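Enquirer: Make a model of the complete structure from these sequences and hints.
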Amino acid sequence: MNRAGLRSTALFVLFALVGALIAARARYSADLSAFLPRSPTATQQLLVEQLREGPAARLILVAIGGADAGARARVSMALGRALRTDPAFASVSNGEAQTLERDRAFLFQHRYLLSEAVTPAHFTVPALHEAIVGSLQALASAEGPLLKPLFAHDPTGELLTILDAIGTERTPRSSEGVWSSRDGAQALLVLQTRAPGADTDAEEAACAKVRQAFAAARAALPPQERAALTLRLSGPPVFAVASRALIEGEVVRLSGLSALFISLLLLFAYRSVSALLLGLVPVAAGALTGVAAVALGFPAVHGLTLGFGVTLIGEAVDYSIYLFVQGTSHAGGDWRHSVWPTIRLGALTSIAGFAALLPSNFQGLAQLGLYSVAGLTAAALTTRYVLPAWLPARLAMRDLRAPGAWLLRVLQQLRRVRAALVLIPLVAGVILVLHRGALLSHDLAALSPVPAAEQDFAEQLSADLGAPDVRYMVLTSARQPEAALAAAESLGQRLRPLVDTGVIAGFDSASRYLPSEALQRARQQSLPPAPQLQTRLSEALVGLPVSEAVLQPVLAEVEQARTTALLRRADLEGTSFAAAVDALLVPTSGGYSALLPIAAAGSVDLSDEAAARVRQAIGAGNEHGVLLDLKGETNRLYLGYLKQAIELSLLGFAAIVLLLGAMLRSAVRVMRVLAPLALAVIAVAGLLIASGHSLTILHLVGMLLIVAVGSNYALFFDRSAQAPQEASVSLTLTSLLLANTATVLAFGVLAFSRVPVLSDLGSTVAPGAFLALLFAAMLSERAAPEHIP
Amino acid sequence: VSARAAGLAGVLTLLCVAPCSAFAAAGTAPSAQADPAFAQVLTLLAARRHGHAPFTEVHEMAMLKEPLHSSGELFYDAPDRLEKRTLTPRAESLVLDHGILTAQRGPHRHVLELSAYPQVVPFVESIRATLAGDEAALERYFSIDFQGELAHWTLHLTPKDPALAHTVKDITIEGERDVLHSVVIRQSDGDRSLITIGPEITP
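Chains L and R supply the protein sequences, listed in that same order.
With my numbering applied, the first sequence corresponds to residues 1 to 789, in that order.
With my numbering applied, the second sequence corresponds to residues 1 to 203, in that order.
Some hints could be false.
To be verified - Only some residues are given here: those of chain R computed to face chain L with a beta carbon under 10 Å: (1) 65; (2) 68; (3) 92; (4) 101; (5) 109; (6) 113; (7) 115; (8) 124; (9) 144; (10) 167; (11) 169; (12) 179; (13) 181; (14) 193.
Since the hints were made in silico from the structure, they are not lab data.
Small disclaimer: the values here were computed from a predicted structure and weren't measured.
Cβ atoms here follow ideal geometry from the backbone N, Cα and C, with glycine treated the same way.
Expert: Below is the structure:
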C-alpha cells in the first residue's frame, strides 16, 4: 500500500469509528413521528399534540369473542376488576351496573351543581311551575316508569337536563350486564391509558397487561368455555405498538434478505469471497454514514429510514461492481480517468435526486433524503479513495468477458426493436387518461402501516360503542385549570344554541362533570333558602295535581346542595367522569387546554356552513377557541406532503438535468441520457395505475429515484458511445447488468414489505430501474469497436 | 371519542332500575292459546299494514291528586314502527322504531334502546306486538289470556319476567276484529293508565 493509500485508510478507519460512535448513541424510534410534519404550522401543532397526547390516542378498545354471552360477560367483569386497580389505566368501562350506578349516584347527588338549568330565574314561581309541568309530562310518557322514583327529589328534572346535555344518542348494547357489540357476539370494554399515546413503550406494557388479565380471567373459567374465548385489541395505542413491531421486524427482515440476495449475486458473478467482501465495504461505510448523518440531523433515527436504507445496499454496491468489473480490465491508474468520471457523475445525479427530498416537511422523506445523500457520498468516496488501495495486485475473479460477449449480442438485438418504444408513451398515455380521476391517492390511510381490515374493525367497535370518530373539537387554553374550565363554559354557552337549532348534534366539555368553582358558586347562589323555596313551590303547584307533601324531600336536598362544599376533581374518582375530565382538560406546556369535541348533526362530517357557524360562535367572545378538524387537518397535511412531493420531485429532476447539462455539455447527450429514464418513469406510472394503484407520495418519490438511479446506466451507454476506444463495451454491459440486478433486488425486496410506504417505493423503483437499463440499452448508439470481431 | 366512549355513551342506562340481565333470561313457555278466535284476531291484525287513530289517555298516579289527561294520535306501520303523537296538553312524540324508542319534548330528545330498558318494554311492546299480530313477541314477554270472540275480544297480558312484574302488574287490551279500542296498564304500585283509541282516521 502506498502512502496515499495508508492516509486514506487511516481516514476511513477514523470516520468509521466516529460514525459507529454516533450511530451507537443515536436514538431510534418506530412510532408515528415519521409521518408528522417537521416544521408544523400552529394548527398542525395542535393536530400533532392530539395525535401524540390527545384523549383519542389513549383509547384501547377491547373485544372479547367466542363462548357464550355469559362467559364473555364474566371475563369482561374480571378484566374490569383487574384493570381498574392498575394505575396504568385512567379508566376502564364495560357498562357494568356497578360503575353506572356510581355514575348515576354522582350525577344525582350533585345535580344542582351540575345542571345547566340552575340559574336564579329557574327558581322563580313561573319557572318552577313550568319545570314541574314538564316533569309530569315525562312521567306520563313511556319513560315514566324510569322517572317516577325521582320525581319527589327532582321535580324540576335536573337529572334529565344533565343527561340531555351529556348526550345519550347512541348507547352501546348490553348483554348479560356488560357492553356488547351490536350483533351481540362480542363483549366490549373501553380502556383509557394514563400514558400519552405517543409513549409506545407504556402503551405496549398496557396492552400486555390487558392480555395477561384476559389470560387470568380465562383460566378461571371451566375448560370447555376457555378454549373458545378470544381477545382482540384495537384503537390508536394498539396500532402504534403493532406498527412499531412491524417496522422493526421488517427492517431486520428486509435488510437481511437484501444483503443475502446481493451477496449471493456477487458471489455468483465474481466467484471470489475476497471480491465480495471488498465490494461490501462501501455499502457498510454508506450505511454507517447515513445513520450517523440522520442521528445528527434529527431527534431520532426512524425505523422507516432504516427500511428505506435497505435500498442503499443495492446502490452502493454498484460502484464497486463498476470498479471490479470494468476497472480490472485497465492498467492501474487508468481506471480513475476512464471509469471513475462516469461513476462520479452517476453518483452525483443520484445524490441530486435524493437531495431534493431534504427540505421535505414529511419527516420520513427528509430522513430518507439525508440518509441516502450521506450514504451514497460515503460509498462513492470509499470506492474511489479507499478500495483501490485495498485491492490485491491480482483480484482472482471470474473472467466476465464471455457473458459480456453474449450480452453484446443481446444488445444488438435490442437496438433493432427500439422503434417499439414509441408504444410506451402511447399505451401509458391511454391508461393515464382512462384513470385520470384516480391518479393520485388523497388519503393518508394509504400510508398507514395498519392494515385496512384492522382500521375497519376499530371503526366498527367505535360505532358499536356509540363513540363515533371524533373529528372536530374546539380547543381553548389558559394558564390555570380554573380559567380553562371557565373558558370551556363560556364556549359551551355559545355552542348550546347551535345544538338547540340542530346545527351540530352536540358537544362535550369537562365543565359538564366538573364546573369551574365560579360557576358552581353561582349555581349555589341561584338556589333559594328552604323557607323561600317552600313558599315558591306551593305557589308554583297551584293548578297542578301535585300536593306539597309529595315534594318534601326536595326542600332538604336543595338546602343541602346550597351549602355543601364545592365539587373538586377528587370527588369524581370512581366514576367514569374522572377519565372524561382528565381527557378534556389537559395540562400543556403553557398551562391547560380544554377540549370540546363536537358531534356533527346528521352525518359524521360537519358541513362547511356548520363549521362556519361554529367558528363564528366560538370567535365571538373573550375566550378564544379554535375549531380543529382532525381528519380534515390530517388530510390537508397529507395533501401538503403530496403537493410538496410533486414539487420536490420536479425540482430534483431539474437539478439532475442541470447537472447533466453542466457535465456533458451537449444538449443531445443530455437528451439521450434522459430519454430512456423518462420512458421508464412513464412505463412504471402506467403499470402502477393499470394494476389498480392510486399513486401515493412514495410512488412519486420513487419516480424521481428511477431517474436518479437509472441515470447511472444511461451515462455508461453514453460513455461507450462517446469514447469507444477506452471502454470494453462487453465488460461495461456485464457490470451494468450486475449493478442493475443488485439495485432491482434491493428495491424488489422492499416491494414485498407489509409497510405501505416501503412497498410503494420498492414497487416503483424496482421495475423502473430495470426498465431504465433496458430502454437505455435499446436507445444506445452503436460504438465502433463492436464491429471488430 | 374519549369522553363519550369512556363511559358516557350509554349514560341513560343510569336510569335503569331493574337489573337488565334478569330480563334477558325470560323463558318462553309453550302457548296456552288454542282459541281459534285468538288465531283469527292475530291473523287479521297481522294483515294490517297501517293504522292511524286518535287516542285519549288517563294516567292515575298515587302521588298525584288528580289523574293526568292527554290526547293525540297513534300511527302504526307494520310491523315495527309505532308513533304516539301527543297533542294536548303539550306536544310530545314517542316513536318506537325497530326496538329504538325516541322521545321528543320541545327541543329535548331522548333515545332509548328498548333492549337496555326492560321496564319500559311492557308499555310499548304490548301495543306494538298486538298491532302486529306478533304472537311470538307477546309470548316472549307475557302470559296470554284471550277472552271473547272476533267481534269483541279481550287480551289479558301478565309479564312473565319477575323484573317486569316488578313494575307492571298486567295489561288488558280490548278490541274488535283488527281494531284496538282500549289498553289498560296496571302498574305494581297501583298506578294505572288507560288509553282509549278512537275510530280509524282514513287518509
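Enquirer: Which numbered conditions among the earlier hints are violated in the structure presented, ordered from lowest to highest?
Expert: The structure breaks hints 9, 11, 12 and 13; every other hint is satisfied.
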